[in-house]
Amino acid sequence: MKEFAGSIGLVLNEPLLFDKGKRGRVGISMPRRDVDYFPVDEELTGTGPDFPDLAEIEVVRHYTRLSTWNFGVDTGMYPLGSCTMKYNPKTNEKQAALPGFAGAHPLLPEELSQGVLKMMFELERLLVEITGMEAVSLQPAAGAQGELAGMLVFHAFHKSRGRRRSKIIVPDTAHGTNPASAALCGFTPVKVGSNDRGVLSVEGVAAAMDDDTAGIMVTNPNTLGFFEENIRGIAEIVHARGGLVYADGANMNAVLGIVSMGDIGIDVLHLNLHKTFSTPHGGGGPGAGPLCVRKHLEPFLPIPRIVEDKGSFRLASDFPLSIGKLHAFYGNVGIMIRAYSYILSLGPELKRVSQLAVLNANYLKEKLKDILHLAYDRPCMHECVFSDKLQAPLKISTLDLVKRLIDYGFHPPTIYFPLVVTGALMIEPTETECKEELDLFVEALREIVKEAAESPELLHNAPWRTKVRRLDETNAARNPRLTCAGVVERSEE
Amino acid sequence: MKEFAGSIGLVLNEPLLFDKGKRGRVGISMPRRDVDYFPVDEELTGTGPDFPDLAEIEVVRHYTRLSTWNFGVDTGMYPLGSCTMKYNPKTNEKQAALPGFAGAHPLLPEELSQGVLKMMFELERLLVEITGMEAVSLQPAAGAQGELAGMLVFHAFHKSRGRRRSKIIVPDTAHGTNPASAALCGFTPVKVGSNDRGVLSVEGVAAAMDDDTAGIMVTNPNTLGFFEENIRGIAEIVHARGGLVYADGANMNAVLGIVSMGDIGIDVLHLNLHKTFSTPHGGGGPGAGPLCVRKHLEPFLPIPRIVEDKGSFRLASDFPLSIGKLHAFYGNVGIMIRAYSYILSLGPELKRVSQLAVLNANYLKEKLKDILHLAYDRPCMHECVFSDKLQAPLKISTLDLVKRLIDYGFHPPTIYFPLVVTGALMIEPTETECKEELDLFVEALREIVKEAAESPELLHNAPWRTKVRRLDETNAARNPRLTCAGVVERSEE
Amino acid sequence: MRYLPHTADDVAEMLQVIGASSLDELFSSIPQDCRTKGDLKLPGPVTEWELNDMMADLAQAMAVVPDYKVFLGAGSYQHYIPATVSYLLGRSEFSTSYTPYQPEISQGTLQAIFEYQTFVALLLGMDVANASLYDGASALAEALLMAARVNGLKKVAFSSLIHPHYRLVVRTYLEPAGFEIIELPYTSEGITDLTGLKGIEGLAAVAVQSPNFIGCIENLGAAAGLAHDAKSLLIASFTEPLAFGLYRSPGALGADICCGEGQSFGIPQSYGGPGLGMFACLKRYVRSMPGRLVGRTEDRDGKPGFVLTLATREQHIRREKATSNICTNSGLCAVTSAMYMASLGGSGLRELARLNYDKSEYLKNELRKAGFGIPFSAPTFNEFVVELPVGSEAVYQRLLDRKLVAGLPLSSFYSGMANRYLLCITETKTKKDMDELVSQLRACYDI
Amino acid sequence: MRYLPHTADDVAEMLQVIGASSLDELFSSIPQDCRTKGDLKLPGPVTEWELNDMMADLAQAMAVVPDYKVFLGAGSYQHYIPATVSYLLGRSEFSTSYTPYQPEISQGTLQAIFEYQTFVALLLGMDVANASLYDGASALAEALLMAARVNGLKKVAFSSLIHPHYRLVVRTYLEPAGFEIIELPYTSEGITDLTGLKGIEGLAAVAVQSPNFIGCIENLGAAAGLAHDAKSLLIASFTEPLAFGLYRSPGALGADICCGEGQSFGIPQSYGGPGLGMFACLKRYVRSMPGRLVGRTEDRDGKPGFVLTLATREQHIRREKATSNICTNSGLCAVTSAMYMASLGGSGLRELARLNYDKSEYLKNELRKAGFGIPFSAPTFNEFVVELPVGSEAVYQRLLDRKLVAGLPLSSFYSGMANRYLLCITETKTKKDMDELVSQLRACYDI
Ligand SMILES: Cc1ncc(COP(=O)(O)O)c(C=O)c1O
Ligand SMILES: Cc1ncc(COP(=O)(O)O)c(C=O)c1O
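Protein sequences appear in the order of chains A, B, C and D. Here the first sequence is numbered in the numbering used here, starting from 1 and rising by one per residue. Here the second sequence is numbered in the numbering used here, starting from 1001 and rising by one per residue. Here the third sequence is numbered in the numbering used here, starting from 2001 and rising by one per residue. Here the fourth sequence is numbered in the numbering used here, starting from 3001 and rising by one per residue.
Read the hints as simulated data drawn from the structure, not as lab findings. No residue lacks a Cβ here, since even glycine has one placed at the ideal position from N, Cα and C. Some hints could be false.
To be verified - Label-pair restraints from in silico Cβ distances:
no.	chain 1	residue 1	chain 2	residue 2	range
1	A	Gly-311	D	Pro-3066	14 to 24 Å
2	D	Glu-3175	B	Gly-1193	27 to 37 Å
3	D	Pro-3031	B	Pro-1348	19 to 29 Å
To be verified - Once the Cα atoms are required to be at most 35 Å apart in a straight line, the calculated DSBU-like pairs of lysine-lysine come out as:
no.	chain 1	residue 1	chain 2	residue 2
4	A	Lys-295	C	Lys-2321
5	C	Lys-2431	B	Lys-1310
6	D	Lys-3431	B	Lys-1022
Model the full assembly from the supplied sequences, consistent with the hints where possible.
Here is the structure:
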């Protein structure tokens, strides 16, 4: 057997912060007091929260140890379908940390903020070129907020035409944020199914589309990894009934420089900078979810917008049709800097990013389809969806398969999504994985599938080598313990 | 049993770099070529070395994974006697990385180098105040080079007085670098033993000192953790016979602000910035070993020296008695910046550093002396030396004891040094460990000592939880494999 | 290109396995009329070194310390960030990992977030906190939506002294869904005028910010009383959590939901984002909470560990019935703030908060002594309003030329606030900085 | 103080365990007359924030890019350093660990150094390399000492075109131990004049640097022939290892020991240190080598792993009989250079070396075209000597005022080199930078 990455090594235990420390220590350099004490209204003051006092070394060791319990992209392959866990270039971190950016106050007078404003303005232009859309707002703080912004644009668009529509078409393969975002705006999602090729049909959409429907939310390529090949026809139908077409661009990594979203009937699109544009996920954020629209929807974009005036830049809010503000300031500028750096570093080679992402996914699909059931046996885009159908007779579930992958040194793929595939296993290798790594991943899955037949308990009880084994999620939800016991004691009743 | 830091977790395997990569990849951003190709003499050019070509992600993962196989001060307690593995403040790293420092060329005209020159000049002044010596050269690149510089000063001093002495007194407790450094200068080390209190006696030194002896090298506090209480008497004897007194200052962490080396008869002293002054060890360097001398030896210090001229600084080399240059430029400036930052951050609190270092060592000594044999049962300075005497009847060696400590999440102490204690176990906790950590360490050793009696195989085969188990060092030395097999193939014969 | 590991050979071999003759052929499922015409017209690729220069140029064009003294707060605060925090959060195991859906290999993030939840609950005096929301503004919107869910009502009231941007964000979130929003006026002391609350029926929540936008400490206790009398929830919003190192926590004063911006705690200002939406509430409302939650549990061997929990509130399970659409949140910022809070400790937090208070009181005093007006009498934390004599716009501009940003002009935010400026003083401003500001102001006004 | 974790209670409890009444009492074994009188008169303590300001001020007072264009090499080279390298070596498992005496928990450092040894051996065309020495200068001294040990002789010869500082360091190391050192002159082409070697008896080693101090490629093959004829070893020294991406390696040309400075490979210049002493030799001499060595072996379970090996050469075992006194070396710099070499790869190394060559040839050409003298005709790598018309000191100073550091004046290093300057061009200099230099020089001389 080949040597896989998973191994046994020394990883240290570490208690909760709240079980450490001693009153009177300090882990920060207390700034010099160069003024006197002033009187303070004792009625208003409290004793301050009961945080533990720790020395600097205790803080450093605590988080150093914690970090070693985590898997990251730098640790190994992270084939999370729908999530594009590509390599996060280190130079981007350096740019975002430049004091001129990191230390900039958002309410500085515009003449003192030209650097950031220019960067944002140019990033908008770059995203216009990449998506084929016509105007961009960088304000949404993540994909889901981008979706919300998009839905608000739908709402505002219809309102501007003096109507209020209550429904929205959402395919059954959609990410959960899509219906949730629609609902937040007061829309009722109407589900449509995909055809036997795993894509939406024009007829299916036509049947659902009516005059009370604000439009449709599609994900393209969709979460089964297929390009919605009928998108133009669908857009025509929707537009004909006065609706708009929204595209969830979480999967843009498949089609950079390949598909111009503006040309295929999409009116509104959000991007995930923390997917396609390489900004790190940070264990769950922060991200950024720019909203891209066609010209006729530009008046609805969030304010403030960045406007160029003879080579200098300012923030403008005089857009009466705007959906308003979504963020306390202008969105996640630190993330924009990273994405901007990434785009400049690749330039027109961005197209190759998608080509290789799709190459990697199809390669895995070919190499794995004899051992894992392929939900739809046809060429895929940047990800492909398998299921546990072949292993089910052995009483091996998707969960068992992927937990065992951990022992081999790989992060599990996305599982049980999209919902339309039972026991789904959604693999997106991304373009930053090299062929050898893919081959190793294939070999690991081959071993695991063999183990499934020969020693199923290896899978049922996997992972074996992690800091903790499978965790009791049921009890966690039944008796939620959400803060350190004994520390937060607010006697409620 | 308490929960100790040692645990099992996911640590990934990683092959050798030379088993990775593929011709045509690149992990660096190739700078733009803005000039033509010029002719090159083909006779002189080669094919270049056969390094593997790797993508950036491969390099990042490789070293990320390798790093997780290492223990560092940020990982846990590192009680290495004689090595002062204290916490390395992160802010010092930040200072050393400032572009004005990190990017400075050493041959810049002096008027363009005032920042670094001032820092170095001031650091010398600070070390003068801290040691009580009178002049400092920052040039030696590590402790051993400081020792060599000191021996060269001895040599030059005697030469300047028209004599050449061939011997030097070195206590049997000395670190191996002391006799090696002396020998490098052509001195023959003469061993003297310590008395039953673990220190040198005046008589012992008097008996060894003669007119062919250049002087003595002491370590104070010595490597048994004791202050050489007879140092003044010893210095008198040595001085009376025309010799000089050298002190290895590797153990200065015990006596900052407590002992003024210049006042107790020391003529030459080296410091280890990477011990006492918190600069990180980097897995074996780089360090810095400044040389401090009394006034009468200042003319012998290495050149160039930093000289102040009406508030500006320059490098001066017009010191005819100087021992010469030791370093291509001025020594390890990056390390000096860190030490300078450390000293400024502590200021007069440096004394408390030593007080707490000694407190910690004595605390451990008290807490452990019933289970481990104490080589000398008396109050110690910043470190204390135990041995495996109590465990020997159980066929448990020092090595077994400390390898088992790894399973408990602690780095082993220094072992089998100093040589005068058989099976020595030398513990230096340093001041940056808190009481709870010391208590945990004590408890771990108590468990281990219990295991030694109850299940000795746990110790003999320890460590259990590391990436590799005990390694075959004999075969490594017998059949040295010092480069990747199959990669370096220079057919020699 | 260093980010793309494929050699020509790799591509050829892989295409062969797939059975495609070219990279282009991989996209054959995309109809021709959906293809981009021509190549992307993008600048670059630039090298890493060119990028360094370009970005340094842009960064250079920003007014930051040490060149500028910036007395701005108003929702974004300049606080010192320890080198330890920057180092630790840069460890790739934290920064390059995904949302911890696979708990066995995400215990680092999970424990760190669990501890963050504990810190936030302690800080705000609440029972539970979530794993973060985007920022203070959307957190307030989510809080109002949550209160509406809890009470089944679509009418809310908020103070006009809540950060004006936050109020705009709330309107963006709530108005399309048909909410009614009542804005409460403010008193001459600089706090919310709650008297109007009395008559209102069917109110889901009352939201007040303390310290409020103009730096004043609100009477949260009174607000809680009135809100609870009206059977509605009190939502306490904030932009400067450091205040709770000195002033009583919203929880102690009766808030039901507490939310705000955590940027002050170790997160760079970064021109306003990413920030950290802190969000906490009473235990009884936890199942209505938006956002992720980390909970403690045990593994198969009985070993303690952490998992994402109560996911049935969330969009990936509940889809359109979710308590919120939030998915990616501000995980790394939450961890950052936990690192910062751990570094401060309880003692450090109290000391630093007091120092912020005393410094700003010093400036307030000096300005008063110099004859400038302090229009609002309510106690403040590290921000307060100064009223300059007429002609302040020109003075402000002159100070800018001298690299002093003398606070935020309030005239565009509130009517009747001409010549009023919101000044912020944190520990990063020295006595000397403040004396300089006062003396420059005096010089400009010839006093 | 954040570095000192002891609370007053801790101290009291611990003193009680020890049986001491005060911290002072812990030092009772130190005679009173050995005690420091009074307190340390040190500035500070300064806060982290004050330190930031102080150090930024000092760093500001240095001439570095982008403000200055520095055409200096001469043993310290400005090369681009990838952000990846800085990040990776900053991981505390690498930076805060000790010398890997405990191999089970030091495999990261050990494998990285083993790979470094392999890189260096490949680069230099040698069999084995050690784990590093301090810098190029002491590495040369150690090489000469080693040759003396191998041959049992105390006479050595070195080229006068070895870096002048290195020659000084060699003298410092060798002269007190009674060595005889012969310095070889140089030819008008700019390389070592080896003719004098013929007659010398009892020579332990001949040392030549290539590219030499004035940038020229030496005839190492001829030197090897002559050295070996004289039964001595050829030591090849270097300051710019990037040259071996283009030119043949010293090993291929017959060197027995090869040593030099590795700073070029990813290590910041830092005003000259820390650097990286690279050191390699033929297998047959390995047991005479100074410094640490990492070797491959197996653990109890037969699993491959790495250890420090051949320690019997070293001071901690052999004490005064050791092959050298070196203990702490440049471990982290060695790892850094390995990270850099891994990032370049073989293809990148060749490409980058060629780019350095072509850029410097471009400047050489432009200078020549402008009428300036190129006194030495031997091929160079990325450094070469230009001869300016008389009055060059004033011109040099005028360029300094324009933030151009126009190379290193050679007059203080060699007689007969008035008006000669050693210019260095790496990939960090653009065509524009070079054109600017030439045009400024022309302007100064009115040509
Ligand atoms: C297809 C799809 N849409 C939307 C989202 C939501 O993006 P975010 O998590 O940034 O809010 C995701 C994220 O997982 C996704 O995969
Ligand atoms: C007592 C003593 N002296 C000298 C040295 C040598 O210092 P360096 O390793 O910096 O050369 C050491 C290092 O371990 C030491 O412990």
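Now for the hints, and whether the structure bears them out:
1. For the pair A:Gly-311 and D:Pro-3066, the beta carbons lie near 22 Å from each other, so the given range of 14 to 24 Å is met.
2. The hint said 27 to 37 Å for the Cβ distance between D:Glu-3175 and B:Gly-1193, and at roughly 33 Å that hint holds.
3. A C-beta distance of roughly 23 Å is found between D:Pro-3031 and B:Pro-1348, which places it inside the suggested range of 19 to 29 Å.
4. With a C-alpha separation of about 33 Å, the suggested pairing of A:Lys-295 with C:Lys-2321 holds against the 35 Å cut-off.
5. With a C-alpha separation of about 31 Å, the suggested pair C:Lys-2431 and B:Lys-1310 falls inside the 35 Å cut-off, and the hint holds.
6. A C-alpha spacing of about 32 Å is found between D:Lys-3431 and B:Lys-1022, which places the hinted pair at or below 35 Å, so the restraint holds.
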